[in-house]
Structure formats: structure tokens, C-alpha cells
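Participant: What follows is the residue order along each chain.
2 protein chains.
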Amino acid sequence: MSEYSSKLLETTVNELARLPGIGKKTALRLALHILREDAVFATNLGNAVIRMREEIVFCKKCNNISDADLCVICANPRRDENTLCVVEDTRDVLAIENTAQFNGLYHVLGGIINPIEGVGPNDVHISHLVQRVNSEEIHEVILALPATVEGDTTNFYIYKLLQLFEIKITTIARGVAVGNELEYTDEITLGRSILNRLPFEGVAK
Amino acid sequence: MSEYSSKLLETTVNELARLPGIGKKTALRLALHILREDAVFATNLGNAVIRMREEIVFCKKCNNISDADLCVICANPRRDENTLCVVEDTRDVLAIENTAQFNGLYHVLGGIINPIEGVGPNDVHISHLVQRVNSEEIHEVILALPATVEGDTTNFYIYKLLQLFEIKITTIARGVAVGNELEYTDEITLGRSILNRLPFEGVAK
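As given, the protein sequences belong to chains A and B, one line each in that order.
The first sequence lines up with residues 1 to 205 when you count with the numbering used here.
The second sequence lines up with residues 1 to 205 when you count with the numbering used here.
Hints should not be assumed to be uniformly reliable.
Because identical chains cannot be distinguished in the list, a pair is counted as satisfied if it fits within a single copy or across any two copies.
[Stated by the list, open to error] Below, a list of computed lysine-lysine pairs in the DSS-like style, where the Cα atoms sit at most 30 Å apart:
1) Lys-168 <-> Lys-24
2) Lys-60 <-> Lys-25
3) Lys-160 <-> Lys-60
4) Lys-24 <-> Lys-60
5) Lys-160 <-> Lys-24
6) Lys-168 <-> Lys-60
7) Lys-60 <-> Lys-7
These are computed hints drawn from the structure, not numbers from a lab.
Note that the coordinates shown come from a computational prediction; the quantities given were computed from them, not determined experimentally.
Isolated chain A (complex conformation) (with noise of 0.2 Å):
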């Protein structure tokens, strides 16, 4: 016999238990929470999720979540095309969106370096950046990673790779205390921590 009493309850907590940070039992009390609300509720959670991930599309030119070829940022003509703001997924894009310190424009990593999980570079659009320094008019690029080893470690190997071109090469400054996701920092930190940004020379200061 089941655990559960219905096999679509059973499968509908496997499901959700899926998720990072959901156990069976907020699953289970997820579950209970859309059994007792409006069948609407369900219809339009169920069908957002799957329409999303279908039919969402990544930015062609700085690899953001967007919903066509070039996503708001980059499609924006007021955006300062001479600065790149490099970070590590979309989270952080909209952390820094929320502060209002930045005009210009992002490269999306999609991940950083992490040899201990298996992601080296050729798994995050570092070649991609390179090609944009490359191709595009850019005068400064701020990299704007977690500082973690990890975040120091991708910061590194892209100061490596652009300290060929004739560009400014900056990082945030580390307001951002050490350990800490960029995302769960307070806007005004962030903030000032953009304006502050210094040239970078292999290691951050």
C-alpha cells in the first residue's frame, strides 16, 4: 500500500519534494495547501511552470532569461553599451537592477568555476564573454562574482583571459562580506559596492 491515500497526492509529492530546500513533509503540506484552494489556483501554478520552462529563451547576447532573442536589458538603446557587469546567474542581474547604480550592460556566467562540483569554464559562457570583449565596443568590464573561492577563482581565470584586450577590468568592491551570496545582500551595500568598484590585478583587495 501507498504511504499516501492517493497515488496523484503520492505523485504530486515526489514531485514537488524535487525541489531544492522542499522535504516530503512541506511537500505534502504544498500538496494539501493547492488540494484546498481554487482549481484555478492549480490550473494556472501547473501551466506556468511547464509554459516557462518551454518556452522561455535565453538572451543571445548576454545569456539572461529573457522572452525573445534579446532580452529588456540589451534591447534597451539607453543602456550603456561600454560596460559589462559579469555575474553569475539571473538572480544577481535583478540584485543589481534593484539598486539603480548600474546603467550598463550584464553577461549572464550561467554558474562559476567550481572544480569540486565539476563545472570548470568551458561550463559557464566565459568563451562567450571573450568573444563580446572581442567583437563588441567595450571599455570596462566589473566582475561582479560571489566572493567566494569559487567567485575568486572564475574572477582569476577571466582577468587572465581579457587583460589581452585594451579594457578596464574592475571588481565590485567588497562591501559584500566575504562568504556571502550576492543575491541576500542589502541594495545599499550592493549599491555602494558598484560605485566603488576597483581596477582588478589578479587577486581582489
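Dock chain B against the given chain A, drawing on the hints supplied.
Facilitator: What follows is chain B alone, placed relative to chain A:
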């Protein structure tokens, strides 16, 4: 401009954030996880939620969540039909089943009396319980509601109605700490509280 770089992402985040205990940041983390996984995960998750909400039914006998008119417990001929265990919701059925100390049938109220939240006796399946005691061959009703003020109120309300019948009314032993929910109690404590159930005399001992 939308806060997110994609309307599809925004819709999914908003829908996920309507689930209890899930804020905007967690919802975004979940949505990005879904985007990183294979498309089949999003499809399975989305369809599981929609199908569950559309096709699930409640057992005609005990009101438990079910795939058919009768749930697997009520349909099992080896369960003791003379003993009814009254619980708040399907999570409590799961918790009691996991103790393997109870072989009777359940009656799922689908909530407990809570005047502050506007839940009255007619909002939960109490009259259906009285009807069952009246028409089925029931010798004992075990009240297994949470050890809270609302649980006590509901116990007392049910006790008053069932007093009229010649049946034994018991409550699970208060091994469960006052103020705690059944589903978070360890199996041994919960199992013992069923074995040591006491006659109900209007107030829990």
C-alpha cells in the same frame, strides 16, 4: 519594465510565491532550479499539480483524500470497522498509520472548530461523523485532534453530540506536548498515545 527579465519567469515566481511559506526570493530560486533541470521535470511537476487538483476525490465514508469513492483504508476488509479515529486532516491519518498501532477506520474532519478564523461546527465534517455513528456498527470513537485550544473545543463539541449513543469515547493520551501538532510528533510518542488512550469525560485528562 517588469522586475524580471522575462514575463514567463515572473508569472511562475508569482504563482509559486502564493504557496504557504514561500516568499518571492524562494520562489525565484525554485523557478531557476526548474529552468536548469530537464524539461521533463517541469512537465511532470506541472501536470502532477493540475491532475491532482482536477481528479482527486474525497472518500465517501471517511472524507480522506482518495483516488476512488472509497479510500484504500476504508476499502480494506481487514481493518476493524468498529473503531473510528477522528482526525483533523489527511496528514494526521499518515502520521497515525506510520505508528502501525491502529487498525480501525478514520473520520477526517477536514479542519477543527476555530471561532477566531471563522471555522464553525458546520464547516467541518462533524454531522457526517454523527451520521456514521448512527448508521454504522461503531463501538468506539477515538478523538485524535491536536492538543490545542481549538482541538479541545472540537473534542468537547463532538463529545456532547456522541454522548447520546451507546459507544465508548476516548482521546489519545497526552503524550503529545500541549500546543504541538500531531504530524510533527515522533512515531513512538504518537503510537503510545494511541495505545494509552483514555475515556473522554468532557475534558482531556
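Participant: For each hint, tell me whether it holds in the structure or not.
Facilitator: Hint-by-hint comparison with the structure:
no., hint, result
1, Lys-168 <-> Lys-24, "neither (49 Å within a copy, 36 Å between copies)"
2, Lys-60 <-> Lys-25, "between (40 Å within a copy, 26 Å between copies)"
3, Lys-160 <-> Lys-60, "within (24 Å within a copy, 69 Å between copies)"
4, Lys-24 <-> Lys-60, "between (38 Å within a copy, 27 Å between copies)"
5, Lys-160 <-> Lys-24, "neither (45 Å within a copy, 37 Å between copies)"
6, Lys-168 <-> Lys-60, "within (24 Å within a copy, 72 Å between copies)"
7, Lys-60 <-> Lys-7, "between (42 Å within a copy, 17 Å between copies)"
Comparing the model with each earlier hint shows violations of hints 1, 5; every other hint is respected.
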